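*Asks:* Here is what each chain is made of, one letter per residue.
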Amino acid sequence: MSAKLYLYPIWVRVWHVLNAVFFLVLLVSGLSMQYSNPDVPLLPFNVAVTSHNVAGLGLFIIYLCFLILFVFTSNRKHYKIEFKGLFGRLMTQMRYYIFGVFKGEKPPFPALEEAKFNPLQQVTYVAVLFVLYPILIITGLPLMFPEFIIDDFFGIGGTLLTALLHATAGFLASLFLVIHLYFATMGARFFSNYKSIVNGYHELH
Amino acid sequence: MIQKIKKLPICLIICLTIVNIGIQAQDVADNSQCLKCHGQVFYEYHNEWTDQVDRKPLNPFHHIDSVKLHSSVHKMFACVDCHSMEYETFPHSGELRLEEKYQCMDCHGGDDTFAKYNFEGIEAAFMESVHYKKSDERFNCWMCHDAHGYELALREDKPIVEVVSASNGMCLSCHDNKFKYGLLSDEEPSDIAMIHSWLPNQARHFNKVRCVDCHTKVQSDILIAHNILPKEEAVNDCVQCHSSNSVLMESLYAHRAKESRAESGFLNAVVLNEGYIIGANRNKVLNYVSIGLFGLVIFGLLVHLVLRLILIKKK
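In order, the protein sequence lines correspond to chains A and P.
Per my numbering, the first sequence runs over residues 1 to 205.
Per my numbering, the second sequence runs over residues 1 to 315.
Hints were generated in silico from the structure; no laboratory data involved.
Do not rely on the hints blindly, as some may be mistaken.
[Claimed, not checked] Just so you have them, the derived chain P footprint on chain A, three or more residues with Cβ under 8 angstroms:
1. 39-51
2. 101-109
[Claimed, not checked] Sample of chain A residues lacking proximity to chain P, with all beta carbon distances greater than 10 angstroms (derived):
3. A3
4. T73
5. S74
6. G88
7. V131
8. A163
9. M186
Keep in mind it's a predicted model, so treat the numbers as computed, not measured.
The C-beta atom is built at its ideal place from N, Cα and C for all residues, glycine as well.
Work out the full structure: start from the sequences and follow the hints.
*Replies:* Printed below as a string of structure tokens:
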């Protein structure tokens, strides 16, 4: 039995599971609308629109909650990037994923109470939560109320531009989801990280 | 002398303005005699019986918006070209209200000048419409097309928002006006917003899509479909517009769809000039790039997973 660290407090786990549910609904309904086909609908169009709107608002609300708790809890320390030597640390982590993991090496940056993310996770999570999510929300809310979108932005339709940005950010977020799900299998055991996000305890390698 | 030279540009502008007005006026018939009363909300006349000047409110159904008249497609016609010459006499004879009005086809039918617009096809489609069938044939062209103010929008390639506004204005002139609706029905028109409450982003749809785009049967041989369907047969399946084979390409955007749609890489690109329809507007290049990227990521992760599993088994 390997050692365990309590790294994921209840609010993080609740936020994470809600985030996952909303994200999946947004992904399926978003794809269904973007590639709507009367002959083979992934979801009926009106169901896709309604569920996308509801899940989008849900994601926005829990994102605001996350930001508030981020400010008022110690959780924010895990997202503070130390830029000095960052490139070297990223390379070390990537080298581990590309070569080290096959040689049975130990992770170069194991999860600690003070730093639960490895450098690659940290940079990715910061990019997703503080760049991609705001883009998704800033472009998604106006698409819900398109009458507020300007008709023409330097010769390009405002709605088209907003929709393109939204779809691009959504696509990148879906890539993140797939990679995130796979890398979650690289814990002490295949499913140990999945258990961690349920019970809060991270199993060490 | 210097002062005279200074005044020269002003004189030139005045002359050009007069010439321009003259050129424009050539296309507009002089209907000022009729508009003295019919262009006003109140009209005045000398009552020979009482020897007084009477001031009366004009019947709103007989009021003509002179500004609209002078920019309409029929601006070159004198009122008496279509109405009886006897209207030149005031007070008008009471019998004149029984005068049979000209219909569109009286001028536009069987005329080679208008052959390309297929007015005969329009008439045939109209006669199949619920308007015509449900009104004991009392419904006529003028009920939608204001003879005194009709302007071309779609054919003139005006912005889609203006095309939609002009077209929907015709429908709402009855369906949102209980007095005009009352000409054909004892019932009051239904609340348009309420009966379309199922439609998401209702205001956006009403500004960007014409009523007839959902409420007619599209025909390729006429520019605007005139076969208004019973409400039960109207389009209410979102994907009929929100898909790559959007029906709007055969109706609202039909005349513009002939423009190159492939150059920008977008499907139904013609819409992008003035709007965006999710599901109908897709970029082929971005589609391929995204599928390729996603495939590469999945492939890379699968290879990584397989190698991991092989190595775990070896150990």
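*Asks:* Indicate, hint by hint, whether the structure satisfies it.
*Replies:* Here is how each hint holds up against the structure:
1. Restraint check on the region 39-51 of chain A versus chain P: 5 residues with Cβ-Cβ distances below 8 angstroms, three needed, restraint holds.
2. Given a C-beta distance limit of less than 8 angstroms, the hint that chain P covers the region 101-109 of chain A holds, as 3 residues qualify and 3 suffice.
3. No beta-carbon of chain P comes within 10 angstroms of the beta-carbon of A/A3; the shortest separation is about 21 angstroms.
4. In this structure A/T73 is separated from chain P by more than 10 angstroms, as the shortest Cβ-Cβ distance comes to about 32 angstroms.
5. Interface exclusion of A/S74 from chain P stands, the closest Cβ pair being 33 angstroms apart, more than 10 angstroms.
6. Here A/G88 stays apart from chain P, with its beta-carbon at least about 23 angstroms from theirs, past the 10 angstroms limit.
7. Distance to chain P confirms A/V131 as a non-interface residue, since its nearest Cβ pair spans about 18 angstroms, more than 10 angstroms.
8. Residue-level check failed: A/A163 sits 6 angstroms from the nearest beta carbon of chain P, not beyond 10 angstroms.
9. Look at A/M186: its CB is around 8 angstroms from the nearest CB on chain P, not clear of 10 angstroms, so calling it non-interface is violated.
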